[in-house]
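Visitor: The two chains are supplied separately, each in an independent frame; assemble them into the complex guided by the hints.
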Amino acid sequence: MSLEPAVAALAGLAVLGQVLALREVAGIALVVVASAAASRAADVSEAGAV
Amino acid sequence: MTLSREERIAAGAEPGARLSRVPPTGLVLVAIASVQLGAAIAKSLFDDVGPSGAVFLRVAFAAALLWAIWRPQPGAHSGRELRLAAVFGLSLAAMNLSFYEAFDRIPLGVAVTLEFVGPLGVAVAGSRRALDLVWVVLAAGGIRSSSRRCEACRRASSECS
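As they're listed, the protein sequences go chains R and U.
In terms of the working numbering, the first sequence has 39 at position 39, counting the first letter as 1, and numbering is strictly consecutive.
In terms of the working numbering, the second sequence has 129 at position 129, counting the first letter as 1, and numbering is strictly consecutive.
Since the hints were derived computationally from the structure, they do not count as laboratory data.
These figures come from a predicted structure and were not determined experimentally.
Just so it is clear, CB atoms sit at the ideal spot from N, CA and C, and this is done for glycine as well.
Each statement offered as a hint is correct.
Cβ-to-Cβ under 8 angstroms is the rule here; a few derived chain U residues that face chain R:
| # | residue |
| --- | --- |
| 1 | ALA33 |
| 2 | VAL112 |
| 3 | LEU120 |
| 4 | ALA123 |
| 5 | VAL124 |
Chain U with its partners taken away, still in its complex shape (with noise of 0.2 angstroms):
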C-alpha cells in the first residue's frame, strides 16, 4: 500500500513530521536568518571559489543534505515530473548565480533590497485596490533612496555598461 505524502507525515514517518508542529512564522524567520547569514559567509569565500564557485557549494551541499534526510526515489517519479523537477532546478541556480553576481559588486542588503521588486510586483500586480498604489510608490521610494547614491551601484552599473 502506498500512502501520500500528508499521510505519511501524519504517521510521522516522514522527516517533515517533526517540522510540522513549529509555528509557520517562526520557520520563516528562521529561513530568512539562515539565507542571509548564508549569504554573507558566501560572499567571505568569493576570494577563493568566486560567486559561482559559491552557489555550487551552496546548492550542492543542500542537495546532498536533502538527499541524505529524504532519501528522494527518482525511479518512482514520472518522465513529466523529473523534467519539471529539473527546470525548477535550472530556474533556482539561475536565480542563485545572479543574485551572488548581484552582490559580488554590491552591498548585501542593498541587493536584497532591490530582489525584493519581484515578489512585491507580485504580490501588488493582482490587486485592484487603491491602496495598494500607495505601497508600490512607498517601495519605489524606497528602491531609489537604497541604491540611487551607492557608489558600489554606480561602479557596478558602469561596468555592465
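Looking at chain R on its own, in the form it has when it is part of the complex (with noise of 0.2 angstroms):
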C-alpha cells in the first residue's frame, strides 16, 4: 500500500499530464520510505512478539 502516492504521481502524469516539480516528486518519495519501513518494522515486531 505504501507505493500509493507514487502510483497516483505516476497515473496523474500519464492520463492527465500532472508534472510535478522535484521538490513533490521527493516529498512523496519520502513519504513512500516512511510509510513501507514503518509497516514493515511493525510485522517484524508483530512476528517477534508470537
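Guide: Structure representation (C-alpha cells):
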C-alpha cells in the first residue's frame, strides 16, 4: 500500500499530464519510504511477539 | 444446509474462489493501479459531471458490478448487519467525495500523499518503538515538501479561508 502516492503521481502524469516539481516528487518519495519502513517494522515486531 | 462463506469459497461456489489463488501482493498492486488510474480518468470527467458526479458514477458502477457478480441477498441479513453496511456505505461515500473535491484542486500525487497521513498515523500510533518516530519525522518532512510550495495547494487553501 505504501506505493500508492507514487502510483498516483504516475497516473496523474500519464493520464492528466500533471508534471510535479522536484520538491513534490522528493516529498512523495520520502512518504513512500517512511510508510514502507513503518509497516515493515510493524510486521517484524508482531512476528517477534509470538 | 447453509455453508459459511469460507466453505463456499473452498468448494469453488463463490466468485472469490479463483481470486483466492492470486498472491496477495499481486492483488494489492492491481488494486493500487486500478484505484489511481480510475481517479485520474475520473478527473478528466470533472468538466462534464463535477467531482460529486464522478464519485456517483464510480460508486454506482462498482455497486452494479458487485451486485451482478455476488448476487447479495439483503433479506438474509439481520437489521443490525444492514445498518452497519449502510454506515459503511455512507463513510465510503464521504471519503470518496472529500477526496475527489481535494484532487479537483491539487495534483493527484499530492492529494494521495496527504491522504496517507491517516493510515500512517494509525500504523504508528499503536507503536511504542523509538524507531517509528524517525519514520513519522521522515513522512512529515515529505508531506511538507510535497505540499508547501505547491501553487495549486496555496490557491485551494486561500479559496477555503
